[in-house]
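As a plain string of letters, each chain reads:
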Amino acid sequence: MDQGIDLQQTFIQSLMDLGLPAGAAKTVWMPLPMLLMIIGATVGVLVSVWLERKISAAVQQRVGPEFIGPLGVLAPVADGLKLIFKEDTVPAKADPLLFTLGPVIVVIPVFLSYLIVPFGQNLIVTNVGMGVFVWIALSSVVPIGLLMSGYASNNKYALLGGLRAAAQSISYEIPLALAVMAIVLMSNSLSTIDIVNQQSGYGILGWNIWRQPIGFVIFWIAALAECERIPFDLPEAEEELVAGYQTEYSGMKFALFYLGSYVNLVLSALMVAVLYLGGWELPIPTALIANWLGVGETNAWLEIVGASLGITMTLLKAYFLVFTAILLRWTVPRVRIDQLLDLGWKFLLPISLVNLLVTAALKIAFPGAFGG
Amino acid sequence: MFVLSGYEYLLGFTLVCSLVPILALTAAKLLRPSRRGPERRTTYESGMEPIGGAWIQFNIRYYMFALIFVIFDVETVFLYPWAVAFNQLGLLAFLEALVFIGILVIGLVYAWRKGALEWS
Numbered sequence: 001m002d003q004g005i006d007l008q009q010t011f012i013q014s015l016m017d018l019g020l021p022a023g024a025a026k027t028v029w030m031p032l033p034m035l036l037m038i039i040g041a042t043v044g045v046l047v048s049v050w051l052e053r054k055i056s057a058a059v060q061q062r063v064g065p066e067f068i069g070p071l072g073v074l075a076p077v078a079d080g081l082k083l084i085f086k087e088d089t090v091p092a093k094a095d096p097l098l099f100t101l102g103p104v105i106v107v108i109p110v111f112l113s114y115l116i117v118p119f120g121q122n123l124i125v126t127n128v129g130m131g132v133f134v135w136i137a138l139s140s141v142v143p144i145g146l147l148m149s150g151y152a153s154n155n156k157y158a159l160l161g162g163l164r165a166a167a168q169s170i171s172y173e174i175p176l177a178l179a180v181m182a183i184v185l186m187s188n189s190l191s192t193i194d195i196v197n198q199q200s201g202y203g204i205l206g207w208n209i210w211r212q213p214i215g216f217v218i219f220w221i222a223a224l225a226e227c228e229r230i231p232f233d234l235p236e237a238e239e240e241l242v243a244g245y246q247t248e249y250s251g252m253k254f255a256l257f258y259l260g261s262y263v264n265l266v267l268s269a270l271m272v273a274v275l276y277l278g279g280w281e282l283p284i285p286t287a288l289i290a291n292w293l294g295v296g297e298t299n300a301w302l303e304i305v306g307a308s309l310g311i312t313m314t315l316l317k318a319y320f321l322v323f324t325a326i327l328l329r330w331t332v333p334r335v336r337i338d339q340l341l342d343l344g345w346k347f348l349l350p351i352s353l354v355n356l357l358v359t360a361a362l363k364i365a366f367p368g369a370f371g372g
Numbered sequence: 001m002f003v004l005s006g007y008e009y010l011l012g013f014t015l016v017c018s019l020v021p022i023l024a025l026t027a028a029k030l031l032r033p034s035r036r037g038p039e040r041r042t043t044y045e046s047g048m049e050p051i052g053g054a055w056i057q058f059n060i061r062y063y064m065f066a067l068i069f070v071i072f073d074v075e076t077v078f079l080y081p082w083a084v085a086f087n088q089l090g091l092l093a094f095l096e097a098l099v100f101i102g103i104l105v106i107g108l109v110y111a112w113r114k115g116a117l118e119w120s
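Residue numbers (my numbering), protein chains in the order written: chain A, 1 to 372; chain B, 1 to 120.
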């Protein structure tokens with residue numbers, strides 16, 4: 001296994017060569033990947049908002065944003081700027097503290113989940129042992145924020161929307177966790193790096209989607225439900241609930257909800273790419289390409305090219321999934337609340353339990369193919 | 001290896017992520033206009049005069065779902081260590097998990113038959 005580029009080691013080493021103690025060098029390094037990840041996540045949101053508007057326009061045979069920047073790429077930036085200058089109205093009957101705290105609690109965990117998204121062998125904020133479990137734990141904090149803002153608004157629509165958001169996310173949390181567990185079972189580790197490494201070596205044939213086709217479908221349905229995307233956007237169903245828990249929000253607090261939902265969408269797509277589509281791996285085995293090009297030894301340029309290719313592959317896979325989510329939005333109607341709960345509890349939950357047990361049985365029967 | 005190695009990044013990242021809403025809300029506070037009036041602070045109810053508040057007692061129908069969720073969520077927490085260590089545990093662990101999940105499935109079937117999973 002090629003270790004690839006290790007920026008952290010190189011950076012800390014060069015600082016220590018300048019005469020800094022090891023602890024100080026590490027402290028200087030620590031915020032850099034974090035800030036980069038947050039800026040990357042925000043840019044990812046701007047890109048997916050632009051894609052959303054452009055693709056919806058294309059689906060409906062409109063032009064979409066076109067005046068701000070080339071092809072309207074700066075339209076999401078203008079949206080954000082507009083929201084900063086918007087007045088902030090807190091309803092007189094609302095609870096002001098919880099009203100402000102709601103969007104804050106929604107937005108922090110989704111950004112925090114980027115901690116464990118890998119873009120390469122060492123291109124990750126930190127490779128913690130808990131790995132993907134951190135993401136599952138953090139994703140269950142979000143509905144608390146939604147419920148809080150729905151309740152604090154003291155508005156009937158907001159309260160119903162907040163309750164729906166909580167019910168929806170607890171209904172799809174368990175199928176999601178069980179689908180991830182089947183992956184963990186195969187790779188014997190919660191670490192996202194280990195999960196990707198377990199899929200490497202055979203190119204596209206080694207990806208988990210072939211071993212976990214049912215798990216992939218469960219995961220993607222549950223992830224869309226967690227992100228409150230159509231067909232599961234009941235918490236903010238505008239025909240019934242005005243805007244659900246966001247009804248009373250304006251200005252920057254509304255922008256935080258908006259940001260949070262898109263960060264969550266891109267994050268879910270990235271997690272699908274990491275768990276099922278081989279992460280940063282190329283569809284053709286890397287060893288095959290290296291043989292074909294006749295480059296055996298690793299040199300600095302090759303590592304840089306490899307790392308960039310890895311980042312590109314991860315983003316390509318993730319944005320392909322974002323694209324399918326956007327197309328889905330303009331293709332299917334919204335489900336009813338009883339259909340939503342039925343799908344979660346009576347269909348996805350039994351199927352995901354069976355999927356888990358079948359994976360365990362297959363692992364015992366064919367240890368080679370299922371990561372024994 | 002120390003079990004908690006790498007978690008200092010989790011703490012640091014929590015602080016950095018907390019800066020996002022703090023900076024965003026502070027920037028908006030400095031830049032936005034603020035005109036306050038009693039009319040603009042009324043609760044939105046599709047343009048009508050709001051009738052009553054939302055902090056009342058009413059039937060939350062998701063209550064039973066929340067109870068079942070707690071059971072299955074604890075189940076997933078118990079199963080995660082099993083999944084990670086499955087490689088070393090082998091066939092016996094598989095049979096034990098089968099019994100464990102079997103008991104929970106009986107519970108799910110019971111709740112289903114009792115109508116706890118119905119929206120009505």
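A portion of the hints provided could be inaccurate.
[What the hints assert, rightly or not] Covered by chain B, per the in silico footprint, the following chain A stretches (three or more residues, Cβ under 8 Å):
{"hint": "1", "region": "151-162"}
{"hint": "2", "region": "191-198"}
{"hint": "3", "region": "223-237"}
[Said to hold, decoys possible] DMTMM-like cross-link-like pairs, simulated, lysine to aspartate or glutamate; straight-line CA separation at most 20 Å:
{"hint": "4", "chain 1": "A", "residue 1": "K82", "chain 2": "A", "residue 2": "D95"}
{"hint": "5", "chain 1": "B", "residue 1": "K29", "chain 2": "A", "residue 2": "D342"}
{"hint": "6", "chain 1": "A", "residue 1": "K93", "chain 2": "B", "residue 2": "E118"}
{"hint": "7", "chain 1": "A", "residue 1": "K93", "chain 2": "B", "residue 2": "E49"}
{"hint": "8", "chain 1": "A", "residue 1": "K26", "chain 2": "A", "residue 2": "E52"}
[To be verified] Here are a few chain A residues that sit away from chain B, every Cβ distance over 12 Å (derived from the structure):
{"hint": "9", "residue": "I38"}
{"hint": "10", "residue": "R53"}
{"hint": "11", "residue": "A57"}
{"hint": "12", "residue": "L83"}
{"hint": "13", "residue": "E87"}
{"hint": "14", "residue": "L115"}
{"hint": "15", "residue": "F133"}
{"hint": "16", "residue": "V134"}
{"hint": "17", "residue": "A137"}
{"hint": "18", "residue": "I304"}
{"hint": "19", "residue": "L328"}
{"hint": "20", "residue": "L341"}
For the record, the hints were derived by calculation from the structure and aren't laboratory data. Only a predicted model underlies this, so the values are computations on that prediction, with no experimental measurement involved. The C-beta atom is built at its ideal place from N, Cα and C for all residues, glycine as well.
Against the structure, the hints:
1. 151-162: Holds: 8 residues of the region 151-162 of chain A have a Cβ under 8 Å from chain B.
2. 191-198: violated (count 0)
3. 223-237: Since 0 is below three, the answer is violated.
4. A:K82 - A:D95: Violated, at roughly 26 Å.
5. B:K29 - A:D342: Violated, at about 44 Å.
6. A:K93 - B:E118: 34 Å, violated
7. A:K93 - B:E49: This hinted pair holds, its Cα atoms lying about 13 Å apart.
8. A:K26 - A:E52: Since the Cα atoms of A:K26 and A:E52 sit roughly 39 Å apart, the hinted pair is violated (cutoff 20 Å).
9. I38: 6 Å, violated
10. R53: 22 Å, holds
11. A57: Answer for A:A57: holds, closest chain B Cβ roughly 28 Å.
12. L83: 8 Å, violated
13. E87: Violated, since 6 Å does not exceed 12 Å.
14. L115: 5 Å, violated
15. F133: 6 Å, violated
16. V134: 7 Å, violated
17. A137: Since the minimum Cβ distance to chain B is about 10 Å, A:A137 lies within 12 Å and the statement is violated.
18. I304: 24 Å, holds
19. L328: 24 Å, holds
20. L341: 6 Å, violated
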